[in-house]
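**Q** Spelled out from the first residue to the last, the chains are:
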Amino acid sequence: MLLRHTSKEVKEREGLTINPAKTCQPIGAMYAALGIHGCLPHSHGSQGCCSYHRSTLTRHYKEPVMAATSSFTEGASVFGGQANLLAAIDTIFAVYDPDIIAVHSTCLSETIGDDLQQITKKASDDGKIPDGKYVIYASTPSFVGSHVTGYANMVAGMANQFAESTGEKKSQYNMIAGWMEPSDMREIKRLAKEMGINIVLFPDTSDVLDAPQTGKHVFYPKGGTTVAELKSSGDSLASFALGSISAEPAAIALEKKCKVPFETLDIPIGLSATDRFIMAISKMAKIEVPDEITAERGRLVDVMADMEQYLHGKRVALFGDPDQLLPLTEFLLDLSMKPVHIVSGTPGQRFDKEMRVMLEKRSPETKFKSGLGADMFLLHQWMKNEPVDLLIGNTYGKYMARDEDIPFIRFGFPILDRIGHSYFPNIGYNGSLRLLEKILNVLMDRQDRDALEEKFELVM
Amino acid sequence: MEQIGILEGRERQVLEKKSGVAQADIACDTTSLSGSVSQRACVFCGSRVVLYPVADAIHLVHGPIGCAAYTWDIRGAVSSGPELHRLSFSTDLQEMDVVYGGEKKLYRSLIELIDQYQPKAAFIYSTCIVGLIGDDIDAVCKKVAKETGIPVLPVHSEGFKGTKKDGYKAACLALMKLIGTGSTDGISKYSINILGEFNLAGEAWIIREYYEKMGIEVVATMTGDGRIDAVRRAHGASLNVVQCSGSMTWLAKEMEEKYGIPYIRVSYFGIEDMSKSLYDVAVHFPDRPEIMEAAKRIVSEEVKTLYPSLQKFKKALQGKKAAIYVGGAFKTFSLIKALRSIGMSVVLAGSQTGNKDDYARLKEMCDEGTVIVDDSNPVELSKFILEKEADLLIGGVKERPIAFKLGVAFCDHNHERKIPLAGFIGMYNFALEVYQSVMSPVWQFAPRKGGSL
Chain Z
1 MLLRHTSKEV KEREGLTINP AKTCQPIGAM YAALGIHGCL PHSHGSQGCC SYHRSTLTRH
61 YKEPVMAATS SFTEGASVFG GQANLLAAID TIFAVYDPDI IAVHSTCLSE TIGDDLQQIT
121 KKASDDGKIP DGKYVIYAST PSFVGSHVTG YANMVAGMAN QFAESTGEKK SQYNMIAGWM
181 EPSDMREIKR LAKEMGINIV LFPDTSDVLD APQTGKHVFY PKGGTTVAEL KSSGDSLASF
241 ALGSISAEPA AIALEKKCKV PFETLDIPIG LSATDRFIMA ISKMAKIEVP DEITAERGRL
301 VDVMADMEQY LHGKRVALFG DPDQLLPLTE FLLDLSMKPV HIVSGTPGQR FDKEMRVMLE
361 KRSPETKFKS GLGADMFLLH QWMKNEPVDL LIGNTYGKYM ARDEDIPFIR FGFPILDRIG
421 HSYFPNIGYN GSLRLLEKIL NVLMDRQDRD ALEEKFELVM
Chain X
1 MEQIGILEGR ERQVLEKKSG VAQADIACDT TSLSGSVSQR ACVFCGSRVV LYPVADAIHL
61 VHGPIGCAAY TWDIRGAVSS GPELHRLSFS TDLQEMDVVY GGEKKLYRSL IELIDQYQPK
121 AAFIYSTCIV GLIGDDIDAV CKKVAKETGI PVLPVHSEGF KGTKKDGYKA ACLALMKLIG
181 TGSTDGISKY SINILGEFNL AGEAWIIREY YEKMGIEVVA TMTGDGRIDA VRRAHGASLN
241 VVQCSGSMTW LAKEMEEKYG IPYIRVSYFG IEDMSKSLYD VAVHFPDRPE IMEAAKRIVS
301 EEVKTLYPSL QKFKKALQGK KAAIYVGGAF KTFSLIKALR SIGMSVVLAG SQTGNKDDYA
361 RLKEMCDEGT VIVDDSNPVE LSKFILEKEA DLLIGGVKER PIAFKLGVAF CDHNHERKIP
421 LAGFIGMYNF ALEVYQSVMS PVWQFAPRKG GSL
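Here the protein sequences come in this chain order: Z and X.
The numbering of the first sequence is our numbering, which starts it at 1 and goes up by one.
The numbering of the second sequence is our numbering, which starts it at 1 and goes up by one.
Incorrect hints may have been included.
As the list claims (entries may be wrong) - Under the rule of at most 25 Å between Cα atoms (straight-line distance), these lysine to aspartate or glutamate pairs were calculated in the DMTMM-like manner:
| id | chain 1 | residue 1 | chain 2 | residue 2 |
| --- | --- | --- | --- | --- |
| 1 | Z | Lys-11 | X | Glu-416 |
| 2 | Z | Lys-11 | X | Glu-103 |
| 3 | Z | Lys-369 | X | Glu-112 |
| 4 | X | Lys-356 | X | Asp-25 |
| 5 | Z | Lys-8 | X | Asp-56 |
| 6 | Z | Lys-8 | X | Glu-83 |
| 7 | Z | Lys-384 | X | Asp-56 |
| 8 | X | Lys-143 | X | Asp-185 |
| 9 | X | Lys-418 | Z | Asp-403 |
| 10 | Z | Lys-62 | X | Glu-112 |
| 11 | Z | Lys-222 | X | Glu-387 |
| 12 | X | Lys-104 | Z | Glu-12 |
| 13 | Z | Lys-8 | X | Asp-367 |
| 14 | X | Lys-104 | Z | Glu-354 |
| 15 | X | Lys-383 | Z | Asp-90 |
| 16 | X | Lys-120 | Z | Glu-14 |
| 17 | Z | Lys-62 | X | Glu-416 |
| 18 | Z | Lys-11 | X | Asp-56 |
| 19 | Z | Lys-398 | X | Glu-387 |
| 20 | X | Lys-165 | Z | Glu-14 |
| 21 | Z | Lys-216 | X | Glu-387 |
| 22 | X | Lys-383 | Z | Asp-403 |
Keep in mind that the hints were calculated from the coordinates and are not lab data.
Based on the sequences and whatever the hints tell you, model everything.
**A** Shown next, in the form of structure tokens:
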């Protein structure tokens, strides 16, 4: 009864957030930067920020997460953090020898007015950046947006600061990954290969945060998008931005800088979003969808049909990040399930609009809120007033699931108490099939658990 | 990238014990070098961990959302009653708040929270940004305290204003404001406070039971399974028993000065230190010899069952080597002794926050050739673990995957421990956990042991 204090009555709160459904920008920037090969993320702020982000990512992935910090002190906050960052750049190249340092700011450095562009330029002018090495940056104030915004800003920074246009197009497409797991990124690469197109996927945390046991602790695991690939993204035929919030800003940057046209798609979670993803590639690259992909789709549809009776009308509450929630909600609707409550701590008019358009058409009575005040306390209150059969969200949902005694599927960030997300994708037809299997398992386990003896069925 | 040496500028924070050679003291109490991959945290973190287990207070983090999100229920500090500490409250400061100040938002949030949860007190943590925009949180706290009638305590924990240790102090300052505000009626002369025990996995309950069996009244546990009313009357105790020296010694000293309560430093890890922590308390009450008798009886009974059960672990672990990298140095001392009692030697010992005296003592305790580090980082840790051929690493959340990647066993002796490691039963649990991890069949398959295909 951990959440016994949650009252049923929903009162408008002014300012207070209880049990947030988001966290702050810098961790998103750190996660994105880990998807560049040979990159050391750098947190320009107090030591605690870096420590908290590394700990959270480590808990989520059960992997070592390397990142450096400017270690702000009282002096830095008075005189500005330029000296700290310049010293940090020296130290990092001298000792940790990365190919790239990806600096992100924090609320502290933003508020004292540190200008990362100017400081990194000074580092370059002062000869602090060795030949063939890079320092990139993203401004990620914690008091704006959420972790998703920070991710988007760092990915846009990669495009902005690496992409080059040589004037000669390459036979390749950019896949700009919205916030997704290493397993999902691996699956994007597999699907592109099946489709027969060359892609530059960035960022790419596969083989970074799902690294094998080797007996060594490597600072820079084998995965990650390389600098050469990032540079060449300016010569790609087109970009696919997977996620309007977390990936599109990078696609826009590429269009501006290198005139690479782009198409924004949902992260391919579920049948419809994967259909759009596959068809967009097929159309853009003028290729037929290969039989293997069609078969994968067929298998998903087959299971959806086989199990449709266990899904219809099941009421779901979900919370998480915008780019996941949109296609996930759509998938639930395709499964004939009923999304009842949706909450995202990440603010954004674009997201609100896209969600509203979909819900108006297909499920007008669904409750939905994002941004300030959209926290898990509110979601829990909603659930108390209008109960659901299933909860989907990150690990913090487990309190609500336990309190309300309902099935729960872990999905999103962070997942601190289960494994799997690093290794098994939730995207594409195969990933959607896995997601569907998970949904069915928890619902049917519950049905078995609660069934009267005479109704306890062997064959389901 | 294969060979990374010790970080330049860190040479003085690393030492390999050699006798017969003059060695400089280890440099500590410094802030980390800019650009280092430090395992340390900030002032806020220090305050948050110390006050976190107070279960009937609300803990409101005044700042952008991150600081509240990352500290939401990540420590297994167990409560026997209310669980307000396990919720996450934040003022979630936005850009406009940064520009115009967050005092109003803080005020409204506090009123809403107190109205909603009816807590016994409220702790307000200021984060980096609050220190910059100049919110007068003291004034807001005072106002809300007056309006609501409960103690509303500011905790000045701006992340950049020092190290984690300064955060401990800020937390202790808040506790000091509570202590002395409750009635001491009915408190026994034979009474103590337990300081620096956070009830991870229920450890405070174990310790408390030992003392109660000795006929000692435990007035307040600070802060494990903590209650505001108990803290308020803590000045009525006769003795402060301080564990986790880093976090609470300051409070003990303050209480000594203000209320004349003496304090002793103890550790509840390992048979030796656990026994000593009972005897040392008993010694303090010489006019009642039953207390010492009870302490002796407890130790003898516990050791009688514990000792034989440790032998099978000792047999298996004899000669294995351990590396220790934990938050406080005091814990390192206990761990060295505890490991020795199960046949293991220590090849690397370090802490995030040890001071000069700690390191001098550590050096004295360690075997020849042991590497001693202050404020270490993953590069150094993995370098020494491999060089010294450690079989086990004892550390916290960020160290665990490093050990596992190296193919080395691991024991979490930080806040992610799942079973009590304190007390006599804790020593058994510790030995079992070390045994399970070191002897796990998985290491046969790990490349370090030649287990690749």
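**Q** So, for every hint listed, does it hold in this structure?
**A** Hints, verified against the model:
{"no.": "1", "hint": "Lys-11/Z with Glu-416/X", "result": "violated, 35 Å"}
{"no.": "2", "hint": "Lys-11/Z with Glu-103/X", "result": "holds, 21 Å"}
{"no.": "3", "hint": "Lys-369/Z with Glu-112/X", "result": "holds, 20 Å"}
{"no.": "4", "hint": "Lys-356/X with Asp-25/X", "result": "holds, 7 Å"}
{"no.": "5", "hint": "Lys-8/Z with Asp-56/X", "result": "holds, 21 Å"}
{"no.": "6", "hint": "Lys-8/Z with Glu-83/X", "result": "holds, 19 Å"}
{"no.": "7", "hint": "Lys-384/Z with Asp-56/X", "result": "holds, 24 Å"}
{"no.": "8", "hint": "Lys-143/X with Asp-185/X", "result": "violated, 30 Å"}
{"no.": "9", "hint": "Lys-418/X with Asp-403/Z", "result": "holds, 22 Å"}
{"no.": "10", "hint": "Lys-62/Z with Glu-112/X", "result": "violated, 37 Å"}
{"no.": "11", "hint": "Lys-222/Z with Glu-387/X", "result": "holds, 24 Å"}
{"no.": "12", "hint": "Lys-104/X with Glu-12/Z", "result": "holds, 16 Å"}
{"no.": "13", "hint": "Lys-8/Z with Asp-367/X", "result": "violated, 61 Å"}
{"no.": "14", "hint": "Lys-104/X with Glu-354/Z", "result": "violated, 33 Å"}
{"no.": "15", "hint": "Lys-383/X with Asp-90/Z", "result": "holds, 22 Å"}
{"no.": "16", "hint": "Lys-120/X with Glu-14/Z", "result": "holds, 22 Å"}
{"no.": "17", "hint": "Lys-62/Z with Glu-416/X", "result": "holds, 13 Å"}
{"no.": "18", "hint": "Lys-11/Z with Asp-56/X", "result": "holds, 23 Å"}
{"no.": "19", "hint": "Lys-398/Z with Glu-387/X", "result": "violated, 42 Å"}
{"no.": "20", "hint": "Lys-165/X with Glu-14/Z", "result": "violated, 34 Å"}
{"no.": "21", "hint": "Lys-216/Z with Glu-387/X", "result": "holds, 12 Å"}
{"no.": "22", "hint": "Lys-383/X with Asp-403/Z", "result": "violated, 46 Å"}
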